[in-house]
Every structure is written in C-alpha cells, then in structure tokens.
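**Student:** Using the sequences and the hints given, assemble the complete structure.
Number of protein chains: 2
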Amino acid sequence: MDIDLPIGLVRDGPPLPVQIADAVRDLIARGVLQPGERLPGSRPLADRLGVSRGTVVAGWDQLIAEGYLTTAHGSGTVVNPDLAGVHPGSGSAPASSAGGAVRRPTTGPPELRDVVDLRPGRPDVAAVADSTWRHAWRVAAADPGSGAADPAGLPALRSELAAHLRQMRGLLVSPDELLVTNGARDGLATVLQVLAARRGRLIVAVENPGYPSLRQVPRRLGATVIEVDVDDEGLVVPQLDAVGGRVPDLVMVTPSHQYPMGASMTVTRRLELLDWARRHHAVVVEDDYDSELRYVGAPLPALAALDRRQEPDGERVVTLGSFSKTVTPALGAGFLLLPAGLRAQALALRSDVGPTLSSVVQRALAEYLANGGLRRHTQRMRRAYRRRRNIVTDGLDGIAGVTVRGMDGGLHAVVEWPADTADRHREQLMQQHLSRAGIEVGALSDYWSHSTEGTERQIVRYGLVIGYTAIEEARLVAAVTTIRNQLARHRRG
Amino acid sequence: MDIDLPIGLVRDGPPLPVQIADAVRDLIARGVLQPGERLPGSRPLADRLGVSRGTVVAGWDQLIAEGYLTTAHGSGTVVNPDLAGVHPGSGSAPASSAGGAVRRPTTGPPELRDVVDLRPGRPDVAAVADSTWRHAWRVAAADPGSGAADPAGLPALRSELAAHLRQMRGLLVSPDELLVTNGARDGLATVLQVLAARRGRLIVAVENPGYPSLRQVPRRLGATVIEVDVDDEGLVVPQLDAVGGRVPDLVMVTPSHQYPMGASMTVTRRLELLDWARRHHAVVVEDDYDSELRYVGAPLPALAALDRRQEPDGERVVTLGSFSKTVTPALGAGFLLLPAGLRAQALALRSDVGPTLSSVVQRALAEYLANGGLRRHTQRMRRAYRRRRNIVTDGLDGIAGVTVRGMDGGLHAVVEWPADTADRHREQLMQQHLSRAGIEVGALSDYWSHSTEGTERQIVRYGLVIGYTAIEEARLVAAVTTIRNQLARHRRG
Numbered sequence: 035m036d037i038d039l040p041i042g043l044v045r046d047g048p049p050l051p052v053q054i055a056d057a058v059r060d061l062i063a064r065g066v067l068q069p070g071e072r073l074p075g076s077r078p079l080a081d082r083l084g085v086s087r088g089t090v091v092a093g094w095d096q097l098i099a100e101g102y103l104t105t106a107h108g109s110g111t112v113v114n115p116d117l118a119g120v121h122p123g124s125g126s127a128p129a130s131s132a133g134g135a136v137r138r139p140t141t142g143p144p145e146l147r148d149v150v151d152l153r154p155g156r157p158d159v160a161a162v163a164d165s166t167w168r169h170a171w172r173v174a175a176a177d178p179g180s181g182a183a184d185p186a187g188l189p190a191l192r193s194e195l196a197a198h199l200r201q202m203r204g205l206l207v208s209p210d211e212l213l214v215t216n217g218a219r220d221g222l223a224t225v226l227q228v229l230a231a232r233r234g235r236l237i238v239a240v241e242n243p244g245y246p247s248l249r250q251v252p253r254r255l256g257a258t259v260i261e262v263d264v265d266d267e268g269l270v271v272p273q274l275d276a277v278g279g280r281v282p283d284l285v286m287v288t289p290s291h292q293y294p295m296g297a298s299m300t301v302t303r304r305l306e307l308l309d310w311a312r313r314h315h316a317v318v319v320e321d322d323y324d325s326e327l328r329y330v331g332a333p334l335p336a337l338a339a340l341d342r343r344q345e346p347d348g349e350r351v352v353t354l355g356s357f358s359k360t361v362t363p364a365l366g367a368g369f370l371l372l373p374a375g376l377r378a379q380a381l382a383l384r385s386d387v388g389p390t391l392s393s394v395v396q397r398a399l400a401e402y403l404a405n406g407g408l409r410r411h412t413q414r415m416r417r418a419y420r421r422r423r424n425i426v427t428d429g430l431d432g433i434a435g436v437t438v439r440g441m442d443g444g445l446h447a448v449v450e451w452p453a454d455t456a457d458r459h460r461e462q463l464m465q466q467h468l469s470r471a472g473i474e475v476g477a478l479s480d481y482w483s484h485s486t487e488g489t490e491r492q493i494v495r496y497g498l499v500i501g502y503t504a505i506e507e508a509r510l511v512a513a514v515t516t517i518r519n520q521l522a523r524h525r526r527g
Numbered sequence: 035m036d037i038d039l040p041i042g043l044v045r046d047g048p049p050l051p052v053q054i055a056d057a058v059r060d061l062i063a064r065g066v067l068q069p070g071e072r073l074p075g076s077r078p079l080a081d082r083l084g085v086s087r088g089t090v091v092a093g094w095d096q097l098i099a100e101g102y103l104t105t106a107h108g109s110g111t112v113v114n115p116d117l118a119g120v121h122p123g124s125g126s127a128p129a130s131s132a133g134g135a136v137r138r139p140t141t142g143p144p145e146l147r148d149v150v151d152l153r154p155g156r157p158d159v160a161a162v163a164d165s166t167w168r169h170a171w172r173v174a175a176a177d178p179g180s181g182a183a184d185p186a187g188l189p190a191l192r193s194e195l196a197a198h199l200r201q202m203r204g205l206l207v208s209p210d211e212l213l214v215t216n217g218a219r220d221g222l223a224t225v226l227q228v229l230a231a232r233r234g235r236l237i238v239a240v241e242n243p244g245y246p247s248l249r250q251v252p253r254r255l256g257a258t259v260i261e262v263d264v265d266d267e268g269l270v271v272p273q274l275d276a277v278g279g280r281v282p283d284l285v286m287v288t289p290s291h292q293y294p295m296g297a298s299m300t301v302t303r304r305l306e307l308l309d310w311a312r313r314h315h316a317v318v319v320e321d322d323y324d325s326e327l328r329y330v331g332a333p334l335p336a337l338a339a340l341d342r343r344q345e346p347d348g349e350r351v352v353t354l355g356s357f358s359k360t361v362t363p364a365l366g367a368g369f370l371l372l373p374a375g376l377r378a379q380a381l382a383l384r385s386d387v388g389p390t391l392s393s394v395v396q397r398a399l400a401e402y403l404a405n406g407g408l409r410r411h412t413q414r415m416r417r418a419y420r421r422r423r424n425i426v427t428d429g430l431d432g433i434a435g436v437t438v439r440g441m442d443g444g445l446h447a448v449v450e451w452p453a454d455t456a457d458r459h460r461e462q463l464m465q466q467h468l469s470r471a472g473i474e475v476g477a478l479s480d481y482w483s484h485s486t487e488g489t490e491r492q493i494v495r496y497g498l499v500i501g502y503t504a505i506e507e508a509r510l511v512a513a514v515t516t517i518r519n520q521l522a523r524h525r526r527g
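Residue numbers (our numbering), protein chains in the order written: chain P, 35 to 527; chain B, 35 to 527.
These aren't lab readings, by the way, just hints derived from the structure by calculation.
From the three backbone atoms N, C-alpha and C, an ideal C-beta is built for every residue, glycine too.
Heads up, a few of these hints could be off.
[What the hints assert, rightly or not] Just so you have them, the derived chain P footprint on chain B, three or more residues with Cβ under 8 Å:
| hint | region |
| --- | --- |
| 1 | 157-167 |
| 2 | 173-179 |
| 3 | 243-256 |
| 4 | 361-370 |
| 5 | 379-391 |
| 6 | 430-443 |
**Tutor:** Here it is as structure tokens:
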C-alpha cells in the first residue's frame, strides 16, 4: 500500500514542481517519510493532485539531485536510506557486522582500529551458516503451517532431540519426556513456576562461583537464592543442609563443566547430590550447556542418566538443554528433560501461558538435527576451539607468577594469580591495561557472589577469563602476544 | 470432446473475465463441472462467446488463483482434482490439500472423505510462503549472529515495527517504546509480572464474551480474573467499579474487533475507559490482534493513540501486537507498545529472565516488513478473506429464523438464533448435525464465561461461529451449502 502523501498545492504559489519538492522535503524532515520508504507512483499521485505526471517527476528529480530521494531498480523512487544516519531517532539502523567479535572502540588509541573482544561465553557464529543450516531454514520457511499445535513442541523435533541425547549424552529418553523451550532460561522459568505453584516461595541453591545469567531467573521469579561453595569435585553437598535454615527446594548445577574453573563434578559427588535430593524431595536442575564441547577425554554421563538408573522415568533431575553455546544464541531454542512428576504440570502451564517457540525455528532445528548439521558443526567447532585453546595456553605458557588453565572443554581459558599476590584491584588494573591495548577480557572474581567476598568461608580467586571461541586464529595469536607482554610487564600487582 | 460450457455473458454486467469466472465457479459448485474434468480450450471458447482469448484466460487465471482450476502439462486446464472431497459422491480420489483445513474424519458417513474444519481463529497459512517471505528467511539464516544483544529486540526490527504502526495504525511511536516478544501471551505475561512486582496479587478484568486464549495467562500467573459485560459499544465501563469489591489493576480489551461479535468499541466508550483507568491508576491492555484485517471502512484509531493525545509518551495503555492472525502463528512473534511508566521495568525483567525471541526470527521479520512483504500479504488476504466472507454471508442469507453477521473484519462470521428460540442444547445439536456432514464449526456460547450462564446479568447468545479463512473458496462454497441445508432442515431447536 502506497503512502497517501499529505501534499497540498496552491494556485498562485511557486511553480508546481517546486511546491511538490518543498512538501516532500518537509515530510522527510518531520519524519513522516522515513529513509528507505517508497514513494507513491508518479502517475497516481499526479492524478490525485490534479497535475500532469511530468510535474511530479520534475519535483522528484529536484529532490533526487539534492540527495533526499533515490531511485532503485524495480522499487521505484525511495527516500534515500543514507539519510538514516543524519536524522537522529529516525531508526532503521543497519544491522551490525557478522561474528560479533569486533566492535568499534569507544575510546582508545587511534592506531587501533578494532577492539578484540575476548570476554567469555560466545561461540563462533561465523561458521554456523553452512549449506546444511541454510537448507534447514529453507525447508522450514517453505512451510509456515499454523503451528502451535503441540505445546510440548513439534513431535518431529522432539524425536530428533531424543536421538541427539542418545548419541551425544548417552541418555535414553522418549520424545514424550521432552519439552521444547525458548532456551535454557525459559526452561528454568517453567520448572520454577511449576514448583512454586506447589510449594509457594522457593529456596533455590546455586553454585558459587557460577555463571551469572541463569541465577537471575529464580531471583526475578520471587525465589530466595542461596550460594553454595564449589570445590575441585563440584558443589559441596553438605552445605545444602547448613545454609539459611530452610532446605532448598531446587539446586542448580553445571556438572559437566563447572563455570568458570571448568572442573567436572566427580561421580562420587554426583551420587551424593542425588542422594541428598532424594532424601529432601528437592529437584536438581542440571544445566548441560556445553557438554558436547569437550576437547580432552570423554564427558561424564549426565546427572539425568544416573537418576534414571534408579527410576526408569526419572525422579529428581531436570536437564536444561540449549544450543546457545554449541550453535548460536540467535537460535533462541532449548529443551527440558523432565522427570515424570513434573511433566504434566509443566505441559499444562505451557499450554496456557506459553511461550511457544516459533514453529519455523522448530522445523529448522528438527531438519538441522535430522540431516546431521549439528553433529558436523560440533565436530568442526571442537577441532577449531581446541586449536584456539592451544594458542592461548601455549602463548601464555611459562610466565612467572601466573597459572594458565586451558580446561578440558568449554569456550574460555583462565589465567590465575596465586591467592597471596592478587586482589580485585590487581584484576581491574590488568583489565584496564589490556583495554588500552584494545583487548577486552573477563575478570575471574566476577563469578563469585559479592556477598561472600572477604568472608572466611570461601576464598575468591583472581585472574583473567579469556574467551577464545569468537575470534579468528590470526587475531587471537596477536591478542595473546599482547596479553603475554602485559602480564610480564605488570608482574607485581 | 470438450464440454460445451453453458456460459452466458451480459453487456452491462461486471467485467467479462469476472462474469466468466463467476459462471465457471457456479458450474463447479453445482457439480456440473466435476473435479479433474478438462475445460475447453480458451480459443474455441472465446470464439463461441464472442470475446477475445485474453478475456477467457483472465477469467481462468482468477479461478486458478482461487484454487478452483489447475493446469497440468499436456492436459490443459482442469477442475482442481482436490475439490473431490467436498463433493459427496464424486469419484476421483483427492490429493491432500493445502492450508491445513482438511482433516480425516474420525467418524462420519462413508461418502465424505475429508473433514472441513471451519472452527474460527486460524489464518490462511498456505498463502504465506511467497518469494518475499522465503527471501526474508534466507537473509536471516545467512547471518546467525550471536544475537541476544538487545533485550528489547533488534533495533532494525523495532524500527520496522514503528513504521508498521505508523502506516497501518496511524500510531507515531519511537522504536524505543517497543519491546519485541514471543507473541501476545508472552507480552501480556511480561506486563502482568511487572505490575505484580509493584502491587502484589492482581485483579484483572476481561471482556465477557471474549477470546479464551489470552485470559488463561493472568489466571496462571496468580491473578484474580473478573468478567465484565460487553454491549454493542464495547466493554461496559461502570461495571469495573461494581464487580468484586476491589478495583481492577488491569483491564484487557479488544477494541478494534471485539471477540466474537465483531463490534468496534466506540470512541465515546474508549474515552470513558481511558478516563476510568486514569482515575483508578489502572492499566488498559489493548489486544490489537487483527485490526489490519478489516473489510469495510477504516479502522478506528488504537486506544494507545488516544492515550498519547493526552500524554505524548503514553500513560495508561499497553498495546499487544501479534502476527498470529495477519501472517501465521508459526512465527511465534509479537511486540509490546508500552507507556513510559512501565518500560524500564519490563525491559529489566526481560533482560534477566527473557525469553528472547530467536534473533533469526527477528531478522526475518524485520526483512519481511522492510521489503513490504507483510503489507502485500495483508492486502492479498484482505481481498481473499472479503470474498470468503461474502461466500458465507451470501450463502446463508435469508434463512428463516437465523441472523448472519459477516462482521467488518476478522476471521469468522456468526450465525445467531434469536434468544427465545435457542439454548446450549440446540447449539450442540447443530454442531453434531454438521459434524456428521463432515463440517466442524465453533459454538457462539463458548465465548461467554460459564459462570455467567443462566444468571440475570448477562444474556448468553447462541449460534455458530464459522471461520472462513483457512479454506479454499471452492470447498467453502460446498460447506456453506451444507450448512444452509442443515440450518433450514432443523429450523426448530
């Protein structure tokens, strides 16, 4: 539908083409006509204004010469899209670049053109859009069916997810035990809401240190969040009884790759946690966010697998699945593996409230899983990430006074100072030195809850968290050299 | 041997191609032309009718677009063999149809092979996947960026949504006032959570009758839901003071097209509602689910536009946007237009908890809006739906004892019995008669809350709700004939 331009012409005014040009210029200046917007055809407009078509064309030629309008093959005359930048608030900002790893520096030395963003947690999205991926979306877009039919998620997708869990995690589950979600946070919110409907205000235990993103969800949904220490074997289970006075209803853990230090929870610890949960009727939420990205050895079985050894249908463990780290957060897709006791209520809640994951996304993901795209991409990324991890560990090897941990998997490495030589101040200084050199990294102590800093219970650790996955190797090599130099130069905090 | 089609043309009637299309459509509906049957060549028919060949071809192109005819290599133009299912007794086997309107019957007479699903609320999804749509997804899939950068939604998408609101709804809003959601229910859930965080347990007023889907959300999120009557002008505002004892915190309305009777809320009533909301510090949630699908006259301005006349930044009104009815529920996408006082908290909530709409979907939608796909699709559907609406109203016109309401817009028509001749039993009986004839329709009384049935306050109305949008015209013609016959046969309840 063409815009109906509010142009009024007067008889005794300037020449008609000038009046038309003035009116359109004014509409653009006021934002009624937006950059990129198509103008009506010259003939219908001429008819409406009661002038000849040549008069309209003459007015537009003037505006084209002035740069207000442009013509595009096949799409007629449009408001110059380049005007967007000069009109504050006029929107239609162009989408940013691919990969996301490069941002313009807000401050910094002029010789550095780009900031190297090594903050952790972001996968390499540049490698995702291969032919398999594009094919999956083509198939999905061709069938924009009415969708929303099954609140648990498309049966075809749940079948593929069950196959995926069997192949990648050794988990034998039925598609009926799975619920498709809009990602890990959405799945967690569903579990919290179902549990809160039964028990009222919840107590939720989280790991300390831990990944900040997911723990915001219980707080926002009204739960009391308590932090539990993590040692080399994983969450310290006896603390679940000691904290707060009330027993947690739900415990959130990252057993395959504890964030940020990278340890796997030992089998002994896993069994201890499950036993505790059983005795206290608590739910264990296992955030299985990157278990497939493992570079050394084989992953330990999921907590859900241990749970199902005792109860075939699952009893205590909810597994949060996500493709944010293994593929891209742009997918906005995840799933829940639920024990029998939570399934019906979770499904009822999602039937009423949703949100349902776009069934175009569901179809594309099902196709991507079915045609082996995810498996191939994961293998490719595992090789690429291992190489990048080695660039970091080799490049920072042997610097006096620091320990470099490459981890067995995941998306980052940690450079740690000995506890007696470091504090928050030293960490921030090093971040500033690197930032001035154009490199952004994470701070290790950020993953400890601030409430425990300085207390006797838990010793906060200090260092740098270096995400190495969202950057090309050549840039990573250069950045690591800079980090090495800065660490060597500022050996004393 | 070609069929000698009994087509007569008149000089002063509609354009000749339209007359030809009408005649052939009628022959198909009457069974004179059978599914799979070959039509005469365009040249001999043109010669016989005394018109140009182009005129005949234009008439047939129309019927091909509508699904009555198809062309097959080597066999010329034939009556669509898929029409077989709606013509009892016609021999040839139907292929499966587009649009999801056809399901296999679970029970029913053996001569009817397919169920015609005329339950309301589903758009025609078969027409969505045009080249613009597929292009939008191709562009989006090619750039699986890390996404999730802006919890309000991609700036490019919000700019397009602001332009869309300006062009289609006359609403001048900034992209910063918009929040991208996973659909209307998700947006409503965000508003309810923000408000509940301030006020505790909420009282939410909903329209009675009304659409059942959205009102489940406040109930599930712990609010008390009260039902308020609707008359010909819209929600009866004084009842907001009278019900329950506590004043509602939030009022949900469908002002552009009240469900299911189709009335628009008058401007007087809109102002009355806004005034009430201002005095009681209540939030009005405007569910703007299908205002673009209007077939008669121009839509009234959005409630948000009235609100913004008093406060430039909006004060009382939240607008829920969705593409479920105008495009397809498969998109799973929507948006919120928020008044100033709710924006920061809604954004903070979504930053922490999400769920973020897949940024692939966001990019595809932005592209689809930018390249005019939505506008063209809406225009196309408006034309197609208007034709289908007329098939229903014309086809059911003049039956004694019922009133047919075609509505000014939307996705369904209503056939109503006078209050004194009808009850729930009559409604159910008619649904059963139609179901046995292979046709599923909605029941009008279903949209009244059951708690008010039989009370003095509100007179529940009885009849059929006929969704006409998710079905091809030829099948609709046949189904309407059956409905007409059943209504005439069972004139007494």
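**Student:** Are 3 or more residues of the region 173-179 of chain B near chain P, judged by a Cβ distance of less than 8 Å?
**Tutor:** Holds: 6 residues of the region 173-179 of chain B have a Cβ under 8 Å from chain P.
**Student:** Against chain P, does the region 379-391 of chain B show at least 3 residues with beta-carbon separation below 8 Å?
**Tutor:** n = 7 at 8 Å, threshold three: holds.
**Student:** Closer than 8 Å, Cβ to Cβ, for at least three residues: run that test on the region 243-256 of chain B against chain P and report holds or violated.
**Tutor:** It holds, with 5 qualifying residues against the three required.
**Student:** Three residues minimum, CB to CB under 8 Å: does the region 430-443 of chain B make the cut for coverage by chain P? Let me know.
**Tutor:** violated (count 0)
**Student:** Go check the region 157-167 of chain B versus chain P for me, would you? Three or more residues, Cβ under 8 Å, otherwise it fails.
**Tutor:** As far as the region 157-167 of chain B goes, the hint holds, because 5 residues have Cβ atoms under 8 Å from chain P.
**Student:** Residue count check for the region 361-370 of chain B against chain P: does it reach three with CB-CB under 8 Å?
**Tutor:** Contact hint for the region 361-370 of chain B vs chain P: holds, 7 residues under 8 Å.
Against the hints set out earlier in the document, a violation occurs for number 6 only.
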